[in-house]
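Participant: Following the hints, put chain H in place on chain Z, whose structure we already have.
So the sequence lines, in the order shown, correspond to chains Z and H. For the record, in the first sequence the residue sitting at position 119 is 170 according to the numbering used here, with numbers rising by one throughout. For the record, in the second sequence the residue sitting at position 380 is 592 according to the numbering used here, with numbers rising by one throughout.
Calculated directly from the structure, the hints in this document are not laboratory data. Being a predicted model, the structure only gives us computed values, none of them experimental.
With a straight-line cut-off of 30 Å between C-alpha atoms, the simulated BS3-like cross-links for lysine-lysine are:
1) Z/Lys-149 - H/Lys-795
2) H/Lys-761 - H/Lys-865
3) Z/Lys-161 - H/Lys-754
Chain residues, written in single-letter form:
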Amino acid sequence: MINVLYLDDELHNLTAFRAAFRRDFHVHVTTEPTEAVRILREQPIEVIISDQKMPTLSGVEFFELIMPDFPDPIRMLLTGHADIDAVIDAINKGQIYKYIAKPWNESELKAMVNEAAMLFHERKAVSDQGAVLLHRMQEARTMALMIQRATGQASGLDADQTAEINRHAAEINRLLAD
Amino acid sequence: MDESLSNRSVLFRYCRIAAVLVVLFSSFSVHAQKFIGTRLEHLPADYNLSLLEVEVVAESEDWVSFEQLVPNLGMGEGVEWMRLTLDPMTENGKLIEIQNAGIDDLTCFMVCDGKIIASYPGGIMNTGGDGHQFGTYPSFPVPLVECNELHALFRMQSNKPMIVPLRIAGPRKVLEDAHQRDVLFALYAGVMLVMLLYNLFLFLSIGDRSYLEYVLFIFAVGGTQLVLNGYGFIFGADQLPWLNLRLTHLFGVFSGLTTIVFVRNFLRLSRYVPWLNKLLNVYFLFYLLALLLAVVGRLEWSYQLINFCAAGTFLIIPGTIITMRKGYSPAKYFLLAFTVFIFAVVIFVLKDAGVIPYNAWTFYALPMGSAIEVVVLSLALASRINQLKRESVQAREEQLRVSQLNEQMVREQNSVLEERVAKRTSALESANSNIQNTLDELQSAQQQLVQSEKLASIGQLTAGIAHELNNPINFVASSAQSLRRDFEDLTQVIEKVKGMDPMDPGLKEEMIQLKEMFGSLDIEFTQREIEELLNGIEDGTKRTSEIVKGLRIFSRMDGDNFTMAQINELLESTLIVLRSNLKDHAVVEADMGADLPLVSCQPGRLNQVFMNIITNASQSMEDSGLAVEERIVRISSKTVESIGQSWIEVRIKDHGVGMTEAVKAQIFDPFFTTKAVGEGTGLGLSIVMGILSDHNAEVDVDTEEGVGTEFIIRFPL
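Pulled out of the complex, with its shape left as it was, chain Z reads as follows (with noise of 0.2 Å):
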């Protein structure tokens, strides 16, 4: 089940999305931006949906506030109110991935959500393929090394052999890089 974390000041605005998503998703609720970000390290929330317009710092102020703790979940951002300009920047600075205006439409939200949920997943296994790459890349280098040294030991290699076994190196260093 999709980890979704909803933030909404308006108490009853929770109580209805938890209504109709609880048996799609794992909903976590709250009104406050502090029980928010204790949820975020404590749940493995994938999706964060957080309403614009609140009493004491709005949802962009918010997601920029949990950006450098907690950059993977996908964040979804939530208003009635047509404040277009905040919405720009936001978008713009790629704190949010989609826009929702409320009300919003039950079915339309499930299947952003779970558009949301599919793009984490697809980016954490990107992310993961990733680290096992820099893992196999960092064994090559270590073999590398090995191999280099074994090789100055035993002093019987030419220098174009040297030269060739430091340019697959150099590739395999740049291939991980990328």
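Facilitator: Chain H alone, transformed into the frame defined by chain Z:
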């Protein structure tokens, strides 16, 4: 009787009289007089003639002959002597006659062989009582004596020129001539008298001043002629030597003055020949001076002055011609009259100067001339009267014409004026309609501005209200869908329960299944959720209806009509509408007075007022650096008593930036704004002011820069 006809008959009469005069005059013998000036002798100028005694003169041998037939001995205080040698044989018994009645003092001595045998007094000084004279001229009889040498010595002194037309004639002849002269002068006097009386009568009947002047003129001119010819006694002057001596002068002055007065008036010199008019004034003064000289005894100077002035008569000719040229027809007669007279004067003078012979024609030239003058002047006067009549008729016609013209002009002027007035009126009307148009445009522009301000504030509100409405609508709609699903879960349970039969032995089994269903469907949770959702729906609908109610109050359709309304209700509805706008910016603390009376107001417009002021209050704290919780807008309402009247007082206070005095003075001015371009119309508070003044409300603004602003509004009850 026709005027012109009567004038014409007068003219005919004058013509007849003139004709008779000429015929009569022609019937007299007009043979040349035989003056014997060349036989006369005088003493040379080196003698002191005044002191000489007659005896000395008689013995004198220094006699010098005259060359003229009519000698002129001049005039003055000096005495002149003259000797006439007589032929005792042929001339005794005859008369020596000096045909000059103007010699003041004249004595004739008869000297026979050196002895004075007789003396005869004569001249003006010696008239009266003496019967030696035949007629008006001094005459002296040549004595019947036997002498070898017989002389007549004349001692003469006069203040008039001593012209000596001397002749020797038989007494019969002298008497005849004197008689003839008397008759002629009587005729002359008669003519003058007739003219005088006639014109006097005209003056009395017509009243025209010029007739009186003419009468005086006739008297003066006629009198002058008579006096010059020795008929002064008819004025009784012979009894008054003093007067007698000056009679010529006086008549000269008199005729000069009357001529000036008559001519001036007759020729209308002041109008036609102003320069002559002025010149005649000078002559008038000269005549008065001559009169004065005559009175004080300077007779010689007086005579010279009179002569000098009389020469001025010539000026009348050009004056008359000028007048005639200017279209004054009576001047024609006048010209004729004066030409005749001056012609006569010229003849007279030339005769005296010896240029032309001294005969009856020349002698009578002056009286004849003056008679003709007087007659013709009469005609001139008649013509003048006619002219005056014509002129007065013309003047009347002219007046009539002018008045008709004036009337016509007035009519035209009136129509022009009416036209102008009409033009002006239409111009004014068009200007008026232009002004009305401009006014309408202005009003419509104003309405548009007011409307746009309204729309701006409505737009400002819309976003907030949309959010306000969106939240409840969102969760109500969503909750309803969720409720349906929860209900479906419950329905499953209910259906299960419905299908259970108490008699069924497998009931226990079914109960167990039901329990499992409870667990799998999490019915307890669902129950709680349903309750929460229902609470949300209730709350949502309540809030929605509250907002809608607030909006309705806020923008009531009858908001521009005066109705009785509760101020607190208006404030609250405004706050509802503003809630979402204010929520993130300021906190509202309201202290509404209880039981406030209703106020007659335009609720919709008052909402606009409150909204504007509250929004301003909230915005004034944006930049104050205060936290949202500290940005307090304090709104209060209460009833107050002031100046004997009840008011509802609404105070709206903030802790914002406040205003300077300069800003405060302008806040109600249209288009004044402290906001950035495009953020405010500058019309908000000016509209507020307009609305409040429509409510007769008082507005006080209590502000201090950096401290805050309080609006105090009092509505009269």
